[in-house]
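Please build the complete structure, drawing on both the sequences and the hints.
In case you want the letters, here they are:
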Amino acid sequence: MNRWIEKQRHLIDFTASSLARRKGKSLGLLVVYTLLVFVLASVSLYTHALRNEATRVLAGTPEIVLQRLIAGRHDLVPPGYVEKIGRMRGVQKIEGRLWGYYYDSVLKANYTFMVPADRNIAEGEITVGPALERSRGLAAGNGISFRAYSGELHTFIVTGVLAHESELVSADLVLMSEADFRRFFAYPEGHYTDIALWVANPQEVRNVGRKLIDALPDSRPILREEVLRTYASVFDWREGMMLALLSAAILAFGIFAWEKAAGLSAEEKREIGILKAIGWETGDVIAMKFWEGFLVSLLAFLLGYVAAYVHVFHFEFALFAPVLQGWAVLYPSFALTPRIDGVQVATLFVFTVLPYTAATLVPIWRAATTDPDTVMRS
Amino acid sequence: MIFQPAIIALLLAAGLSLAMLAAASPFAVQLIRHWDIGSGSERQLRLERLTYLFSMMMALVCGLQILSTLLFVFNADRMAVMFVGAMCAVGTLNANAYGFPALYAQLALFFLAAVWLAINRLDNQARDYPLTRLKYALLLVYAPLAALVLYLQFKHFIHLEADVITSCCGSMFSEAADTVASELGTMAPRRAIALFYTALGAAVLLALWHWRGAGRRAWGGLAVGASSVAAFFAALIGIVAFVSLYIYEHPNHHCPFCILKPEYGYQGYLLYVPLFTAAAAGLAAGVLTPFARRPSLATLAPRASARLAGIAAAGFALFAAIASVMVLRSNLILIA
Numbered sequence: 001m002n003r004w005i006e007k008q009r010h011l012i013d014f015t016a017s018s019l020a021r022r023k024g025k026s027l028g029l030l031v032v033y034t035l036l037v038f039v040l041a042s043v044s045l046y047t048h049a050l051r052n053e054a055t056r057v058l059a060g061t062p063e064i065v066l067q068r069l070i071a072g073r074h075d076l077v078p079p080g081y082v083e084k085i086g087r088m089r090g091v092q093k094i095e096g097r098l099w100g101y102y103y104d105s106v107l108k109a110n111y112t113f114m115v116p117a118d119r120n121i122a123e124g125e126i127t128v129g130p131a132l133e134r135s136r137g138l139a140a141g142n143g144i145s146f147r148a149y150s151g152e153l154h155t156f157i158v159t160g161v162l163a164h165e166s167e168l169v170s171a172d173l174v175l176m177s178e179a180d181f182r183r184f185f186a187y188p189e190g191h192y193t194d195i196a197l198w199v200a201n202p203q204e205v206r207n208v209g210r211k212l213i214d215a216l217p218d219s220r221p222i223l224r225e226e227v228l229r230t231y232a233s234v235f236d237w238r239e240g241m242m243l244a245l246l247s248a249a250i251l252a253f254g255i256f257a258w259e260k261a262a263g264l265s266a267e268e269k270r271e272i273g274i275l276k277a278i279g280w281e282t283g284d285v286i287a288m289k290f291w292e293g294f295l296v297s298l299l300a301f302l303l304g305y306v307a308a309y310v311h312v313f314h315f316e317f318a319l320f321a322p323v324l325q326g327w328a329v330l331y332p333s334f335a336l337t338p339r340i341d342g343v344q345v346a347t348l349f350v351f352t353v354l355p356y357t358a359a360t361l362v363p364i365w366r367a368a369t370t371d372p373d374t375v376m377r378s
Numbered sequence: 001m002i003f004q005p006a007i008i009a010l011l012l013a014a015g016l017s018l019a020m021l022a023a024a025s026p027f028a029v030q031l032i033r034h035w036d037i038g039s040g041s042e043r044q045l046r047l048e049r050l051t052y053l054f055s056m057m058m059a060l061v062c063g064l065q066i067l068s069t070l071l072f073v074f075n076a077d078r079m080a081v082m083f084v085g086a087m088c089a090v091g092t093l094n095a096n097a098y099g100f101p102a103l104y105a106q107l108a109l110f111f112l113a114a115v116w117l118a119i120n121r122l123d124n125q126a127r128d129y130p131l132t133r134l135k136y137a138l139l140l141v142y143a144p145l146a147a148l149v150l151y152l153q154f155k156h157f158i159h160l161e162a163d164v165i166t167s168c169c170g171s172m173f174s175e176a177a178d179t180v181a182s183e184l185g186t187m188a189p190r191r192a193i194a195l196f197y198t199a200l201g202a203a204v205l206l207a208l209w210h211w212r213g214a215g216r217r218a219w220g221g222l223a224v225g226a227s228s229v230a231a232f233f234a235a236l237i238g239i240v241a242f243v244s245l246y247i248y249e250h251p252n253h254h255c256p257f258c259i260l261k262p263e264y265g266y267q268g269y270l271l272y273v274p275l276f277t278a279a280a281a282g283l284a285a286g287v288l289t290p291f292a293r294r295p296s297l298a299t300l301a302p303r304a305s306a307r308l309a310g311i312a313a314a315g316f317a318l319f320a321a322i323a324s325v326m327v328l329r330s331n332l333i334l335i336a
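Top to bottom, those sequences are chains Y and U.
For what it's worth, our numbering labels the leading residue of the first sequence as 1, then goes sequentially.
For what it's worth, our numbering labels the leading residue of the second sequence as 1, then goes sequentially.
I should point out that these hints are in silico values taken from the structure, not numbers from a laboratory.
Fair warning: there could be bad hints in the mix.
Unchecked claim - To give an idea of the interface, some chain Y residues facing chain U are shown, with a C-beta separation under 7 Å as derived from the structure:
no., residue
1, Arg229
2, Ala232
3, Ser233
4, Asp236
5, Glu239
6, Leu243
7, Gly279
8, Trp280
9, Val343
10, Ala346
11, Thr347
12, Val350
13, Leu361
14, Trp365
15, Thr369
16, Thr370
Cβ coordinates follow ideal geometry from the N, Cα and C atoms, glycine included.
What follows is the structure, encoded as structure tokens:
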């Protein structure tokens, strides 16, 4: 075993110095290789982080949201619905929710107006989200007027700004009291936007949903797990599409690697010829070439991955963000939680190292099986 | 759902493997028919030269299959969130009829790959490459299996639909279900524990003995191979019947896949990696033993077999130790 390790060590030594001797060629390959890993790793790190963020954000939301439908469209929940659901087994809490959208012609953006269940806000006061704070230059104590859809002007005092940590969901949020909300939107008394239900046992969620449909046939329960699943498949799909588009780049890289490996310079050929003439076997030359590929791949993989990590988590994915994250006027600025995961690394490995290895196989073999005398004579 | 990165990667790996095997197959036929190490003819020289290329290719394919096996299970576990009723990899694999067959075929390919790599290594050490014919005959067995894996995986992935209600591991391993899995689940813990430690102990002792004896006894190697296969199945039964219960600290949760999840600290990988390594090494130790009859391998084959037996012994012992620690650290009291 020790002899084997010793031999490989010497081979690696030899390979490293031979790579160093051909700086230009090795560097060119390394740069292209690193770039490929960088692009692919950026995409996968980013989508993975987004997926995690979505899961984290949704973890605190109700298990079921019940909407009422009229002619297939979302409508207000009329009075008596919350009571009609009554006490359903397995449901911890039922709550009628009030929220709506407001178009602000100043910013040309939509806000989400909402009546919070977990905090009391006095009439005439509002709490705003961080993006609103930034774009309208609001601070605690300021007053702001909104023109309601009826044409009236309503003035509110900002009493607080929501924490920055929750920006992904609260960027465009305006929290107000129920009385203000109903007055502002001329919302009919006793009506709600939808109903939220908290279910203790995750395995009961579907049964509760089924019972809800039975009890209120004109309603539509939306389960949290369905929302999560949709997010997961949307992000995966976007990532997959990016990868499919980038497959052209992977293919080009394969051709490039083939060319690099096949285009042995006269000097390299002579080197292999001499090595074989002084007693190297074909297997040794192959091992040397294998280590060459391994060293280049490892270096490119590490460099590309680290660069992608910095790009995604320190520079907010500046290069490709528009493609993957979607768009809004009041876009939340959020920092993603760094996270590396095994599936992603293994996938990335298959996408980068595998094409390289497959493409260099034949050239390596061709180089290793050249006869020393043909090389020396030419 | 074909546009999932991990799925594209798996199909890419399977497709590339098959393409390489397909390219190598005509050569394999030629080689089996005309290989003659004693001859100096032009054809023989060409064949010898080409074996380097195809051996490299096969080594790459085998390495790839080992990676694919991991990725396949990884991915099945990850995708469970997308199916109604799925909690872990079982749900994804159960989402259509191709899931479990794809997994089994992939596992078969994994073990075949390991054995091929061991034979290849041994063959390369001998002066006259005595196993070359056998290696390429195996390649011809390997190719259809690789095609089957690609077919099953493709079918499995293309038919994955998010609105299919699949079954969770809870129902598959429950006592009410009428499957082999549930049979294992309902096995009495005492019997399962006895079977688990007996089989693993026997495998470790036999492998150790074979290793100490430098692989000189031919039937010792065969016994290592057979006991490794037996220990592998006993270990899987043990995981379903009691190890998983202790990990989940739940008397009825038998799933061998949920232990791979982050909720349980990825403990499953700690178990499966040594187990699969040991089983593959033990199997290969058994397969290599009969080659000692060939003159050029008379010393090489026993040595290789003994070394593999050593790896198998270490792997099984490590697996048993990890499983025992998990059981002892658990708060579950299964046997009062």
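Status of each hint after checking the structure:
{"no.": "1", "hint": "Arg229", "verdict": "5 Å, holds"}
{"no.": "2", "hint": "Ala232", "verdict": "5 Å, holds"}
{"no.": "3", "hint": "Ser233", "verdict": "6 Å, holds"}
{"no.": "4", "hint": "Asp236", "verdict": "5 Å, holds"}
{"no.": "5", "hint": "Glu239", "verdict": "5 Å, holds"}
{"no.": "6", "hint": "Leu243", "verdict": "5 Å, holds"}
{"no.": "7", "hint": "Gly279", "verdict": "16 Å, violated"}
{"no.": "8", "hint": "Trp280", "verdict": "13 Å, violated"}
{"no.": "9", "hint": "Val343", "verdict": "5 Å, holds"}
{"no.": "10", "hint": "Ala346", "verdict": "5 Å, holds"}
{"no.": "11", "hint": "Thr347", "verdict": "4 Å, holds"}
{"no.": "12", "hint": "Val350", "verdict": "4 Å, holds"}
{"no.": "13", "hint": "Leu361", "verdict": "6 Å, holds"}
{"no.": "14", "hint": "Trp365", "verdict": "4 Å, holds"}
{"no.": "15", "hint": "Thr369", "verdict": "5 Å, holds"}
{"no.": "16", "hint": "Thr370", "verdict": "10 Å, violated"}
Hint check: violations occur at hints 7, 8, 16; the rest are consistent with the structure.
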